[in-house]
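Protein chains in written order, with my numbering: chain G, 71 to 402; chain U, 230 to 577; chain F, 24 to 405.
Hint data in this document are derived by calculation from the structure and do not stem from the laboratory. A portion of the hints provided could be inaccurate.
[Stated by the list, open to error] A few chain F residues facing chain G, derived, Cβ under 7 angstroms:
#, residue
1, Q135
2, R137
3, W141
4, I146
5, F148
6, L155
7, L169
8, T171
9, A195
10, L199
11, S201
12, Y202
13, S308
14, L356
[Claimed, not checked] Pair ranges (Cβ atoms, derived):
#, chain 1, residue 1, chain 2, residue 2, range
15, G, R309, U, N332, 54 to 60 angstroms
16, U, I397, F, S325, 51 to 57 angstroms
17, G, P212, U, N332, 45 to 51 angstroms
18, U, A338, G, I263, 57 to 63 angstroms
19, F, T132, U, I397, 45 to 51 angstroms
20, G, N244, U, L326, 34 to 40 angstroms
21, U, N332, G, I252, 35 to 41 angstroms
22, U, G307, G, N244, 49 to 55 angstroms
23, G, I186, U, N332, 52 to 58 angstroms
24, U, N325, G, L166, 39 to 45 angstroms
Each residue gets a CB set at the ideal place from its N, CA and C atoms; glycine is no exception.
Each chain, written out:
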Amino acid sequence: MRHLLRRILFYLAAVWASVTMNFFIPRLAPGNPVQIILGNLEKTGIKPSPDMVQSLAASLGIDTTDPIWVQYMKYLGDLLHGNFGRSFTNYPTPVLDIIGQGIMWTIGLGTIAVVIGFVLGSLIGMIAAWKRGTIIDSTLSPALTFLYAIPPFWLALIVVYIFGFSLGWFPFVNGYDIYGPIDWSWRFISSVIDHGFLPALTLVLSSLAGWMLVMRNSMVGVLSDDYVLMANAKGLKQRRVLFTYAARNAILPNIANFALALGFVVSGQVVTEIVFSYPGIGDALFIGVQNHDYPLIQAAFLFIALGVLGANFLADMLYAVLDPRVRVERSA
Amino acid sequence: MQQSFPSQWPPSPEKTEGSIITSTPELSDQERRNEADSRAISRMLALPFHVRFWHSMQAVWHALTVNRKVASGTAIVGFFLVIALFGPFFLHGNPNLYTHDANLPPSGAHWLGTTSLGQDIFGQLILGTQVSVLWGFFSGILVTIFSLVIGLVGGYFGGIIDEILSFITNVFLILPGIPLMLVLASYVPPSALTVSLVVAFTSWAWGARVLRAQTLSLRSREFVTAARSNGESVWRAIFFEILPNQVSVVAANFVSTMIQVILAFATLQFLGLGDTSQASWGGMLYLANSQNALLAHQWWWFVPPGLCIAVLGAGLALINFGIDEVADPRLRSEPKIKVPKRKKVVAS
Amino acid sequence: MITSVETKTLLEVKNLSVDYSAASGAVHAVDKVSFTLKRGEILGLAGESGCGKSTLAYAITRLLRPPAYITEGEVLYYPPEGRERSPMISKLTRANGYADNSIDILQLTPSQLRRFRWNELSIVFQSAMNALNPVLSVGTQIMDVLKTHRPEMGPDQRKRRATDLLNLVGIASDRLKSYPHELSGGMRQRVVIAIALALNPELIVMDEPTTALDVVVQREILELISSLCRELSTALIFITHDLSLLLELADKVAIMYAGKMVEKATSKDLYLRPTHPYSYGLLNSFPNLHGPRRNMGGIPGSPPDLRAVPSGCAFHPRCPMAFGPCRSVAPPLKQARLGESGEDAQLVACHLYDPRFAPGGLPTQDQFAAGYVSIIKGGKTR
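Sequences and hints are given; from them, build the entire structure.
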């Protein structure tokens with residue numbers, strides 16, 4: 071129980087840290103931020119109206135003489151009220167609306183890709199360790215090492231090229247058919263699946279090697295442990311030894327890593343979304359960055375960070391369920 | 230690749246912290262190994278510092294060449310290093326210049342064809358190697374120094390300092406790197422240096438955690454206590470007792486970081502957030518993508534830079550696995566020993 | 024032909040040899056070891072570290088892992104009459120070709136072996152903490168075997184049996200749901216013993232089950248083992264480096280050195296009149312609580328590196344009684360005293376008992392004592 075509380079406290083603190091970082095980063099940028107931003111906006115063809123200039127100055131705290139901690143309090147207050155400001159590029163749409171849509175797409179794509187990648191990768195890793203020294207392992211390991219090092223964005227390009235352009239099997243832009251209906255019709259749903267296939271494939275492929283390698287190494291260690299020997303000595307069926315005795319223990323580091331990997335997974339997803347113009351939150355962040363739409367950038371980053379923290383928290387809890395040794399109170 | 234799963238087992242530091250400390254009279258295997266290590270290390274303590282450091286370096290060299298996997302990794306990385314350092318001397322002209330020979334496929338004059346702006350792709354690739362490898366190296370060193378300092382200090386002092394540093398480390402660890410990089414890069418004018426700094430700022434956390442765990446375990450061993458009871462100052466203890474024994478961990482960490490850094494670097498440049506006037510692998514891909522090279526089936530443009538990143542990354546990963554196998558002998562692929570023919574095997 | 028009914032032989036090991044293939048060649052970890060074990064008999068295997076006793080046990084149970092290989096020998100198991108056995112075992116004995124209904128464990132196919140295991144032969148490993156799966160409750164680990172080998176048992180029956188087993192070894196029933204790390208060292212060892220007893224095997228192999236425990240718990244566990252084996256007439260092969268334990272617990276004791284068996288006797292015989300100089304040295308390596316004060320004994324030197332075993336008798340460099348043939352001829356294991364034969368005869372592998380080499384009669388305990396005193400004082404080994 072104490073362990074649980076400690077973790078909760080940590081996550082709350084991490085949330086606070088992200089929020090605070092979000093507040094300070096723009097204020098630390100060199101130069102006069104308003105001028106820079108206005109200049110950038112004009113470069114992208116947006117003519118700032120006096121309203122926008124006013125709200126921009128307000129959001130950056132330029133227009134007040136309040137001390138910084140008062141601004142900070144106001145900022146926190148705004149956040150808690152769900153006021154994230156208005157997007158510059160889509161003025162006066164509230165940023166929250168834009169983000170709200172993006173979140174659904176990101177979570178949908180991400181969850182599927184992560185689950186498939188994790189399950190598939192762990193299985194392959196388990197088999198590679200079980201068949202260690204055979205031809206299966208000796209081909210799998212180098213192949214996956216290479217896959218591990220391929221940059222996700224380049225993999226996305228290749229996937230787009232092969233499956234999108236050359237073979238034409240799947241669409242590679244957008245999350246759904248923008249010319250079709252947007253409702254719960256089969257046409258829409260099938261277009262969602264269609265459009266999601268290549269991004270998901272990219273994500274699964276680029277993360278596969280990571281899961282597999284950790285699982286393999288962990289499994290090799292576990293297979294030489296005494297309790298696996300004992301399980302064999304007990305005359306248990308091979309499948310039970312492999313799954314309940316070996317894999318159940320070997321997967322623990324992967325789950326511990328799962329939590330940490332989520333941060334990386336989300337990062338990888340951001341890039342993939344960008345390449346495929348998939349309407350997720352990562353894409354929104356990028357569009358914001360390109361257009362110097364600072365409210366959008368800040369809000370998108372904050373939500374991404376919060377999402378990662380939340381998923382980490384869940385993974386932590388899952389780990390505690392699976393490894394009974396963690397549930398007992400830590401000493402010293 | 231952004232998913233820099235540590236290719237490491239023993240379990241992550243967090244797990245060992247949360248594990249149960251109950252006092253049982255029996256020693257776990259890990260503890261027995263620790264004791265044996267401590268004795269070995271205490272014996273080494275008798276040697277002067279530079280000898281110990283040299284031994285560590287030798288161990289690293291041995292690890293880099295001990296088996297086929299690792300040796301090929303070292304060869305790959307070495308190859309890229311050589312090109313990065315000496316390649317540009319063999320170029321004719323400046324591949325960054327725009328010419329009129331645009332969009333040419335590979336030929337004798339242009340081994341990999343030209344870009345839509347008439348730039349020689351092969352030449353750009355070589356220049357790009359220099360930029361990516363050397364700046365990647367620079368970032369990697371920055372990150373390693375930073376994570377070393379934080380990890381060592383936190384692990385060594387413990388207490389409130391450690392709590393604070395740990396917390397900061399964990400927060401940075403959990404924050405997703407690419408989004409943070411995107412945000413930072415949007416506020417900061419683009420150049421190779423700033424990109425390096427941004428990448429370093431977001432990538433130090435993993436190494437810090439690993440090194441902290443290592444320091445914690447080493448700190449409690451007898452030889453450190455012995456050194457301190459001899460009156461060695463705290464800083465001497467950190468840098469001359471603990472650090473030399475961590476060289477292999479630091480090396481493995483450095484290699485992991487390099488992979489992360491090179492990929493992050495390329496990613497930022499691919500997204501157009503770096504300096505696009507200078508050739509670099511990521512930058513080339515950015516240009517290729519924005520000039521619709523995919524549409525035009527100009528595979529000679531967008532395949533080689535990514536391939537280079539992948540091959541270099543794979544080389545580094547191979548080295549990393551090799552270091553892992555040295556550290557944990559269970560992972561080594563057993564050399565095939567022939568059972569002597571004259572004694573037949575009855576059963577196994 | 025000896026039939027299993029007459030002498031109730033349970034296990035017969037013939038010329039078992041195990042090699043480790045190292046880079047420098049084959050290392051003979053176990054060298055042509057033979058012995059028999061009767062039903063319900065407790066055999067102790069003793070020796071210093073590295074003498075091959077654990078390897079021998081693992082070989083018998085076929086749990087060796089590469090680079091260890093069994094290079095010759097047979098391990099014959101005589102299933103006792105009147106036990107309910109799986110039809111598979113009856114099939115095996117009939118098909119085996121042996122007139123006396125034995126099964127060569129080394130020849131079983133993997134699936135036959137899997138079904139043989141635990142039913143007839145179970146093992147207690149040295150470190151219970153490592154032998155138990157950390158993520159499963161101890162109850163599950165007991166019921167595991169029941170589920171696999173007794174498919175006719177329902178979940179309630181299994182639970183009851185598991186509870187009974189825990190009670191048998193002195194653990195409360197509510198511990199069924201506990202995880203291994205929640206139990207103390209002694210309790211974990213008891214759990215492992217309970218698992219070993221789950222299917223009422225004929226033979227249990229215990230590899231240093233009490234080494235990692237403190238002496239008080241050690242005594243409790245030993246008493247438990249002893250009473251259970253007597254009660255259930257389970258045969259036991261008990262491996263340890265602590266000879267003093269065996270003298271109390273075991274019926275017969277076998278001493279191993281450098282992969283060979285050098286003496287085999289009843290524990291009483293071994294205690295009163297050890298025949299091999301090595302056994303004498305071992306017995307006198309720990310102090311007695313009673314009796315006159317004497318200088319601590321011990322055997323100077325250390326066991327040989329198995330990659331470079333001395334020629335002839337492996338013990339000769341450390342032996343106070345070594346003479347001519349010891350350097351060149353390896354002594355076989357046979358009766359110490361001519362005329363003694365049968366199950367309880369004392370066997371020894373030493374040239375001192377070979378009338379061809381040492382016609383002057385058998386060595387006495389005093390001669391052993393004097394020999395050791397001189398080499399200890401002399402501070403050298405030959």
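Right, here's what the structure says about each hint:
no.: 1; hint: Q135; verdict: 10 angstroms, violated
no.: 2; hint: R137; verdict: 5 angstroms, holds
no.: 3; hint: W141; verdict: 5 angstroms, holds
no.: 4; hint: I146; verdict: 5 angstroms, holds
no.: 5; hint: F148; verdict: 6 angstroms, holds
no.: 6; hint: L155; verdict: 6 angstroms, holds
no.: 7; hint: L169; verdict: 10 angstroms, violated
no.: 8; hint: T171; verdict: 5 angstroms, holds
no.: 9; hint: A195; verdict: 19 angstroms, violated
no.: 10; hint: L199; verdict: 14 angstroms, violated
no.: 11; hint: S201; verdict: 9 angstroms, violated
no.: 12; hint: Y202; verdict: 5 angstroms, holds
no.: 13; hint: S308; verdict: 29 angstroms, violated
no.: 14; hint: L356; verdict: 29 angstroms, violated
no.: 15; hint: G/R309 <-> U/N332: 54 to 60 angstroms; verdict: 57 angstroms, holds
no.: 16; hint: U/I397 <-> F/S325: 51 to 57 angstroms; verdict: 52 angstroms, holds
no.: 17; hint: G/P212 <-> U/N332: 45 to 51 angstroms; verdict: 35 angstroms, violated
no.: 18; hint: U/A338 <-> G/I263: 57 to 63 angstroms; verdict: 47 angstroms, violated
no.: 19; hint: F/T132 <-> U/I397: 45 to 51 angstroms; verdict: 59 angstroms, violated
no.: 20; hint: G/N244 <-> U/L326: 34 to 40 angstroms; verdict: 37 angstroms, holds
no.: 21; hint: U/N332 <-> G/I252: 35 to 41 angstroms; verdict: 39 angstroms, holds
no.: 22; hint: U/G307 <-> G/N244: 49 to 55 angstroms; verdict: 44 angstroms, violated
no.: 23; hint: G/I186 <-> U/N332: 52 to 58 angstroms; verdict: 38 angstroms, violated
no.: 24; hint: U/N325 <-> G/L166: 39 to 45 angstroms; verdict: 44 angstroms, holds
Hints 1, 7, 9, 10, 11, 13, 14, 17, 18, 19, 22 and 23 from the list above are not met by this structure, while the remaining hints are.
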